[in-house]
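Peer 1: Given chain B's structure and the hints, the job is docking chains R, X and F onto it.
Those protein sequence lines, which keep their order, are chains B, R, X and F. What the first sequence shows, in our numbering, is residues 1 to 332, in sequence order. What the second sequence shows, in our numbering, is residues 1 to 332, in sequence order. What the third sequence shows, in our numbering, is residues 1 to 332, in sequence order. What the fourth sequence shows, in our numbering, is residues 1 to 332, in sequence order.
No wet-lab data here; the hints were simulated from the structure. Among the clues, some could well be false.
Repeated chains share a single entry, so a pair holds when one copy, or any two copies, can fit it.
Said to hold, decoys possible - Listed next, the in silico DSS-like pairs over lysine-lysine satisfying Cα-Cα at most 30 Å (straight line):
1) K29 / K92
2) K2 / K29
3) K315 / K2
4) K222 / K161
5) K222 / K304
6) K222 / K60
7) K304 / K60
8) K92 / K109
Each chain is listed here by its residues.
4 protein chains.
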Amino acid sequence: MKNVAVLGAGRIGRIHASNLAALPGVTLKYVSDPSAQFAAELAQRLGAQVATIADVFADKSIEAVAICSPTDTHSDLITRAAQAGKHIFCEKPVDLSVTRAQACVDAVKAAGVACMIGFQRRFDPTFGEAHARLARGEIGTPEMLVITSRDPGAPPVEYLKASGGIFRDMLIHDLDVFRWILCSGDGDEAAWISATGSVLTDPAIAAAGDFDSAAVTIRTQKGRLCQINTTRRAAYGYDQRFEVLGSAGLLQCGNHRPTEVVQWDAMGIRGDKPENFFLQRYAAAYRLEIAHFFECLQSGQPFKTTVADGVAAQKLADAAAESARSGQPVQF
Amino acid sequence: MKNVAVLGAGRIGRIHASNLAALPGVTLKYVSDPSAQFAAELAQRLGAQVATIADVFADKSIEAVAICSPTDTHSDLITRAAQAGKHIFCEKPVDLSVTRAQACVDAVKAAGVACMIGFQRRFDPTFGEAHARLARGEIGTPEMLVITSRDPGAPPVEYLKASGGIFRDMLIHDLDVFRWILCSGDGDEAAWISATGSVLTDPAIAAAGDFDSAAVTIRTQKGRLCQINTTRRAAYGYDQRFEVLGSAGLLQCGNHRPTEVVQWDAMGIRGDKPENFFLQRYAAAYRLEIAHFFECLQSGQPFKTTVADGVAAQKLADAAAESARSGQPVQF
Amino acid sequence: MKNVAVLGAGRIGRIHASNLAALPGVTLKYVSDPSAQFAAELAQRLGAQVATIADVFADKSIEAVAICSPTDTHSDLITRAAQAGKHIFCEKPVDLSVTRAQACVDAVKAAGVACMIGFQRRFDPTFGEAHARLARGEIGTPEMLVITSRDPGAPPVEYLKASGGIFRDMLIHDLDVFRWILCSGDGDEAAWISATGSVLTDPAIAAAGDFDSAAVTIRTQKGRLCQINTTRRAAYGYDQRFEVLGSAGLLQCGNHRPTEVVQWDAMGIRGDKPENFFLQRYAAAYRLEIAHFFECLQSGQPFKTTVADGVAAQKLADAAAESARSGQPVQF
Amino acid sequence: MKNVAVLGAGRIGRIHASNLAALPGVTLKYVSDPSAQFAAELAQRLGAQVATIADVFADKSIEAVAICSPTDTHSDLITRAAQAGKHIFCEKPVDLSVTRAQACVDAVKAAGVACMIGFQRRFDPTFGEAHARLARGEIGTPEMLVITSRDPGAPPVEYLKASGGIFRDMLIHDLDVFRWILCSGDGDEAAWISATGSVLTDPAIAAAGDFDSAAVTIRTQKGRLCQINTTRRAAYGYDQRFEVLGSAGLLQCGNHRPTEVVQWDAMGIRGDKPENFFLQRYAAAYRLEIAHFFECLQSGQPFKTTVADGVAAQKLADAAAESARSGQPVQF
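Extracted from the complex, chain B is given alone in its bound form:
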């Protein structure tokens, strides 16, 4: 039985805590959060105790921690957890600074602990099936990837100011999907990236120094092409699709819908909008992701999403942001 602590009892912390508490062989021992109320509610619901971070790191019985706190605490907590000899699950991103993120890689390596970054999309059943078929060669060699990644609405402007901007905040997931889908089969990597952005929905986003709409193009060393389009405000909801073209076919990953009801009436033939937002859309992915973390700890197999993947995605996000600012592509 593995004893675990969850650091951070906000929205994503609650998801991970509930999922890991339901795993056989895993005990959620501690919940820690600056908000005593958040920590107590979550701990009580799942039969855990409230603890400080220092207590967590000091408790020898704790084998692993799940870091679900705000982004700007990640690198510090990863480093401290590594030094305390705890295995680490950390929500994306590692850190908005590639330098600090790289320091986390080093700290984890030095401590000999395992560290997984939460790119949950790699665990989504739809995306995972596409990846598996690609790996089995069902559509030949990958050539082109088109990602549509759109949020239903922008977060508060205050959040945007600290988020690192649309490329680091939203597109970090898509940049990881790019590496996973288009490159991971044979070690290909991005060679050239070009991005551009606009503010089309709310001038306050421009005032916060961010974009609400962006388009990214990546060419890899092998000449594969990836296009990503995104907006912070899609009127029809949360849109999470990608299509990968291979030499022998195409794999298309569609949205998930709450139900399979289709209504035919005088207006047309109408199905559901996509699942509301990421908590619904990726509910299965979050469950499978945290299960993967503990399975790998058990088996000694490597994680599908390492801290090095986190750093690599961050570098791409930085390059996209730079390209959008300068209007010029970035070469790697």
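Peer 2: Just chains R, X and F now, with coordinates in the frame of chain B:
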């Protein structure tokens, strides 16, 4: 905290036991099964104890039982549970004999306990959404229902011999859906039923006195029409769809799929087959169904699927079987 | 160059006249219609002459006629055309009376002319592709057919009074599809038919002695099952679908849509309604049907839809009407 | 009655000739082609005469010409036709040289004749419906356009050498769609374009100085974003889709399919591949396009696709080609 026992640790018993054990406010205290091994494995996995049925009924702390044992034990267990003052969740059907099923209704009434029959399809998110839209009048008044209900493969012939046949075994669910969708809004009921069946897949099914393919038509008192088609062997898997036509439109309930991957290649454009079988297709329905049982016990609200619904569906199944045998319709 | 006359310049006559006039090797010489205006307009548009029926039959240069006049004139015109030695294309049905329809078969045979009945659905690209795959065994042996056949709105009650009723008027097409899809591979035929009907949309339809909603079930000699559901008023338009289950899979024929635009907005994800009505839905079928007529005349190959097919469908329609009236199935 | 000549009796010339010959009020008088055989065959089939280009221009009865000859003859023929006072329908592109294309604009203007460029996609029923809904504001203000434009296979390398390359040859259509969909509502235009290309399918394409795979991004003056992805070889066929995001929703234009048959079997649920290639996919568009040409000549209304549109698309194609070569974006 409600203490509960599960009677029957087979395939469906394990589903219900796992789901109810995860509900807040519900404790799975006992598991009972003629197979000591089945009972022990399930009890251990969920932290319950193994008990005999007599022990369960004798334990005053037990408020409710979930009857998940073979069909031919249902009426006896319902009666005994009612007499012991336990609330009852019982898998469909109540009993293959309408007489005995009606006796269960009486026993439950006499004992003043609550009894819910497990027609899980009423709790399926897709079917439930269609029902809700119908109730809100989004397609006007219902006029016609077409149900496609197909299994991926026939059960063993030994099972078929005791199952009561395709109308009582498979179509009981669809006959309940008919009542729920086409009749429940205004108390309409079947007035005329005609059924016919064939054996097209395996002569052993004919030898067992059953059909593998059947077609049912029902006309209600208000003149609404329902057609049900079924087979025990659909080469493409488990097919669970219905369409209800209303005066202002149509609601179509499609299959659920494991993933939203669509593959485009030289053969065409191909999506997933439906979810494999009922345990996968109705996973959410089973969770919501058992939660509904305990919510109603808590709130005192009536169940959506009562023992009277079980009897009504059984009567329709009997009439369909009789019609298929005689080649003549049955009037109610 | 084949000289041809079109008898009847109404809606369907105009379709056939335009289509045949565009065929290489075919000359539309005459148009005949009781309405001098209709005849003149059509003749002028297509460069033909107006003629009486007697003139048409007397003109030795006319090799074939297309009978597009009202149903109650069909058998007389078929007989006269046959006697005049003209090859015959006749819109469905042959005649509302099976006796008179059979007399047409005899007259055609006696005269040694070719006679094709216009069941255009057999020429629809979608339905035709399904038939071809079935014939190639792509889904194994056929077992079950489900037909959804719905009109967008009822014709005037005056029309209904003379139409022979919903089974002869609307379902004649579907009954032909049943024979074509479920029986034609190996000479199977209907053995048992049961039908029921209701009036749910307009009491005037009941007053005219007809139904607006009907459900038909057919069992063939080989035990195959067919269900047909129909309404004269589908709020969402013209619905023309069927699904055929085989031992190795299912072929589903969906509606055709005017465009492939899908709109995603706050209401959901919405595609087009089906093509408006039969002239749009079967535009290609009408073109291919009349081309088939002339190709067969040229090559001497048999027609896909003979006058015997017309009689066979009429017998099924009669049986369905009788069953709906009596409430009892009809055996063949 | 308008007398017309078709210049060029190749694949596209035959399409236009057949379509215009079927229009009421239009007479195809001449066909001209360097291949006497091609000219004679087409002329005979449609009841026209073979003529030299000089004869065509000299015949005062000819009001309009359709230029369907190779690209490198377009500007010369447009200029000569204009000087001869003929109205002009010319297949895209105007000319691979923007300078020569602009000279055509001037020649047409000086002669006071009408000149339409054949961007047939604007006449496609699906694309046209999307444009109409956008114009009616059904999805609010346009923000983003994603175009997937893929050929089933590359043309011969010899063709590629003279084609101007993938941006001028294939993407010229998509660049016109970009202007039509994202810009035409309010006079917006491209402000910044970035393109990149690869050779992934056949090294001979690289040897010919072209790409087989390309990705283009455009930002307009108003900040709207467009991404286009293309390949010369999609294993699943001809892929012609676009999606336009607006402030209130999304319009998605899907492929057209030959039939609506869907096959369910052990492999999955499979629909048709898209229509085979442009002659099939855009058959309706070609008909509607040439009808539009003559309707505008008749009514005096402006064409939907002018020679100025042809020049504008050519400028975008040149900029995309330059960007792909240099690796740097182009500003307008």
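Peer 1: I want to check one pair: K222 and K304. Are their C-alpha atoms no more than 30 Å apart within a copy, between two copies, both, or neither?
Peer 2: For K222 and K304, the Cα distance is within 30 Å only inside one copy (23 Å; across copies 41 Å).
Peer 1: I want to check one pair: K92 and K109. Are their C-alpha atoms no more than 30 Å apart within a copy, between two copies, both, or neither?
Peer 2: Within. Shortest intra-copy distance 18 Å satisfies the 30 Å Cα cut-off; inter-copy 57 Å does not.
Peer 1: First find the shortest C-alpha distance between K2 and K29 inside one copy, then the shortest across copies, and answer within, between, both or neither for a cut-off of 30 Å.
Peer 2: Both: 9 Å inside a chain and 26 Å across chains, each within 30 Å.
Peer 1: Taking 30 Å as the upper bound on the Cα-Cα distance, should K304 and K60 be classified as within, between, both, or neither?
Peer 2: Answer is within; shortest intra-copy Cα gap is 27 Å, inter-copy 51 Å.
Peer 1: Is the C-alpha distance from K315 to K2 at most 30 Å within one copy, between copies, in both cases, or in neither?
Peer 2: neither (34 Å within a copy, 53 Å between copies)
Peer 1: Checking K29 and K92: alpha-carbon separation at most 30 Å within a copy, between copies, both or neither?
Peer 2: Close inside one copy (23 Å), not across copies (41 Å); limit 30 Å.
Peer 1: For the identical chains here, do K222 and K161 meet the 30 Å Cα criterion within one copy, between copies, both, or neither?
Peer 2: Cα proximity of K222 and K161: across copies only (24 Å, versus 36 Å in one copy).
Peer 1: Given a CA cutoff of 30 Å, do K222 and K60 count as a within-copy pair, a between-copy pair, both, or neither?
Peer 2: Result: close neither inside a copy nor across copies, 47 Å intra and 59 Å inter.
Hint violations for this structure: numbers 3, 6, all remaining hints satisfied.
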